[in-house]
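Asker: All chains should be built: construct the whole structure from the sequences, respecting the hints.
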Amino acid sequence: MKALYLLIKDALNNAEMSFKEDGLENIKHIDLYKGQYLSEDYDGFDIPGVFIEYSIAWKEAGGGIQKGDATVTLHIVTDNVYDTFGNEEERGLRGLDLYQKIHEAVQNLNSEYISNLRRTTEQPETQDTSQHVHLITYSCELTDNCTSYQNRFTEEEISSIDVKNGIQRTYLT
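So for the sequence shown, the numbering used here puts the first residue at 874; every next one is plus one.
Worth flagging that the hints you see were computed from the coordinates, not collected in a lab.
C-beta atoms are modelled at their ideal positions from N, C-alpha and C, and glycine is treated no differently.
Warning: the hint list may mix true and false statements.
Computed list of lysine to aspartate or glutamate pairs in EDC-like fashion (alpha-carbon distance at most 20 Å, straight line) [what the hints assert, rightly or not]: (1) LYS907 with ASP1001; (2) LYS974 with GLU898; (3) LYS875 with GLU926.
Distance windows between CB atoms, simulated [said to hold, decoys possible]: (4) ASN1018 with LYS893: 36 to 42 Å; (5) GLU998 with ALA934: 19 to 25 Å; (6) ASN960 with PRO997: 17 to 23 Å; (7) GLY917 with LEU969: 22 to 28 Å.
Answerer: Shown next, in the form of structure tokens:
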């Protein structure tokens, strides 16, 4: 999960120029989601902020490798309290521009062990909060090979490899 979190965080931080070009504020706070905007006890955070929530359903793929189907929800917190009609329409629509820029930064992110993030749902938060919160959910697939057979031994533990008649023998120290 750490790699997925850092992938998203880096993409949002690297999109600063894109935000600036469109006259939008940069993301000022990125964190794992812990219900921050729902709690009165939380010390606060700068906005706009993005909180990253995730769930992963893991399954065995053999050889100590696991594959996971991940759901990642970005909780985008702003102070956009303007209506999207009348005299405030332009200011109100700026929030939608911010959501789109965040989506552009995250859609199709991937790495060696993370497939392309694909947006699956998008909606405003329906719980009562003091800030405006918008949710964008993505899905992707993860591979975790940290317990795979090939990763169980370090190079220092293997003293020599003897190949005779096409049979490979490994001697551990």
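Asker: Against each hint, give a clear statement of whether it holds in the structure.
Answerer: Hints versus structure:
| no. | hint | in the structure |
| --- | --- | --- |
| 1 | LYS907 with ASP1001 | holds, 16 Å |
| 2 | LYS974 with GLU898 | holds, 11 Å |
| 3 | LYS875 with GLU926 | holds, 12 Å |
| 4 | ASN1018 with LYS893: 36 to 42 Å | holds, 39 Å |
| 5 | GLU998 with ALA934: 19 to 25 Å | violated, 35 Å |
| 6 | ASN960 with PRO997: 17 to 23 Å | holds, 22 Å |
| 7 | GLY917 with LEU969: 22 to 28 Å | holds, 25 Å |
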